[in-house]
Amino acid sequence: MRTLYYLLREAWANMRTNRTTTMVAILTTAFTLACIGIFLLLYVNLRAAAGWLQDDIKIMVYLNDQTSGDALVAIEQQLRGDRAVAAMHFVSKEQALGEFKAQFPSESHLLEGLGQNPLPASFVVTLSPPFRSPDAVTRWSERVQRLSGVAKVDYNQDWIDALAMVIRSIELVAIGIGVILSAAAVTIIANTIRLTLFARRDEIAILRLIGATTGFIRIPYLLEGAVLGGLGSALSLLMLKFLYELFRQQMRTTGKLSGLDNLVAFFPLSLCLALVAVGMALGCAGSFVSLRRFDEAKT
Amino acid sequence: MIQLIHVSKHYDRRPALSNVTLEIEKGEFVLLMGPSGAGKSTLLRMLIGAERPDDGQVFVHGRNVTSLKKREIPYLRRKVGTVFQDFRLLPKKSVFENVALPLLVQGVSSGDIKRKVTEALRAVGVEHKRDQLPVGLSTGEQQRVCIARAIVNGPVVLLADEPTGNLDPELTGEIIELFKLINARGTTVVVATHDPHVMGRVNSRVVTLAQGVLVPEQRVSA
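Heads up: the sequence lines are chains A and B, in that order.
Heads up: the first sequence begins at 0 in numbering that gives the first Met the number 0, then just goes up one per residue.
Heads up: the second sequence begins at 0 in numbering that gives the first Met the number 0, then just goes up one per residue.
Hints were generated in silico from the structure; no laboratory data involved.
C-beta atoms are modelled at their ideal positions from N, C-alpha and C, and glycine is treated no differently.
It cannot be assumed that every hint is accurate.
Unchecked claim - Not everything, but these chain B residues come out facing chain A in the computed CB check (under 7 Å):
1. ARG12
2. ARG76
3. VAL134
Said to hold, decoys possible - Over 12 Å on every C-beta distance to chain A, these chain B residues come out as not near it, computed from the model:
4. MET0
5. GLU24
6. LYS25
7. PHE58
8. ARG77
9. GLU96
10. LEU100
11. GLN105
12. GLU118
13. SER137
14. ALA149
15. ASN152
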């Protein structure tokens, strides 16, 4: 207990001794992490928007005109029991005709000349999120196509492919920017810890001579790094929240893009806590880098 | 207790120790004499694993120091107290905190730390200075605090590298008396010094190094 108290006190003493450096490190880390946060916020919202667009992807399972009532029930039961199916509804031939007339009133006379309703009955299916990738949709469609009574499975392949590519691109950009800026945060904290290590090199040498383990010597500096990273991350979230609220207020006052302000979301609390934890981990990593390089900290 | 077998060490091809073989028994008081650059500090540093010999082997308290892994060295150092010429006290910590440090790194409880530090400070005669910072102490008192720190966890060996180098003859005598007291309690004491005045103050075995080579031994009486 006394040892823990000593280690915490040393970490605090380190930060107090180098007050200016500590403040600069926290602020620089905060700005760097805020840049990551902006991209993360964009990513989270674009990903959500892509999710909404994916919700709109409907797969049409057209039925043969000769399909009996029993066969239709069998297909419906099979689809409802399929874990890939998130939602579905049946559109009868008559409903299909009604929808066509409602959507294309000027062309409705084309069908009247045919004498009978040429539009097939269908099931309109929305797939669950894990089954919305282009490959998964293709596999599912091929499987359903083979069901007895199914005439054709139709969907907008190009739209699904394009959407998947957009989502993948957003993810890649987010990961790339995240990695680069995280490395910057680690470097900033590593430099701050290096200054502290240099200032306390005599003390570290004495600790080594009296039998302190590498862990005992390193813990205060790792704690310092974690505190710098954690505070930097928390500050960056406050800055982001401020900018986010400012953005929403601007949209409301100007009336431009009205409605969008309710769709754009900030990070949920769980993600905020995770980001602070990530900041602490980056801080620890920065300290670790410096400690490894600092010969005197090694036993 | 301490054994060096055909130990050699070079720095940039310059020999610091050449084929040194030495045995120190438990409870002995040994003066390691020799001019500056004779290899005394190198020898002491080898005993705490701060230097590794190029050749030969070093044993302390039954452990082969030369084959110790880096992570094992702190545990060796907890058995060996070290006193330095420049005291090496932490300037921003009180006398009590400085002396408590070796116990703290071992995770000793608060109660035991208080008791052992008080005992060590009393043994070296600076108990009344426990709350002061090192900067407020005389050089003799600083060396006493350094000795208290070295003996606080009851080491089996006490190594002192030029402990009287910064002290006048009177203080030198006091510090040597302290070492004699510590030795009388059963601790093996090795004092490296180039100060001939020390030799006349202690009845001990004298080991002399000259340019890294051990010269024939003698025994002196105070």
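Hints not upheld, ascending by number: 1, 3, 8, 9, 10, 11, 14 and 15
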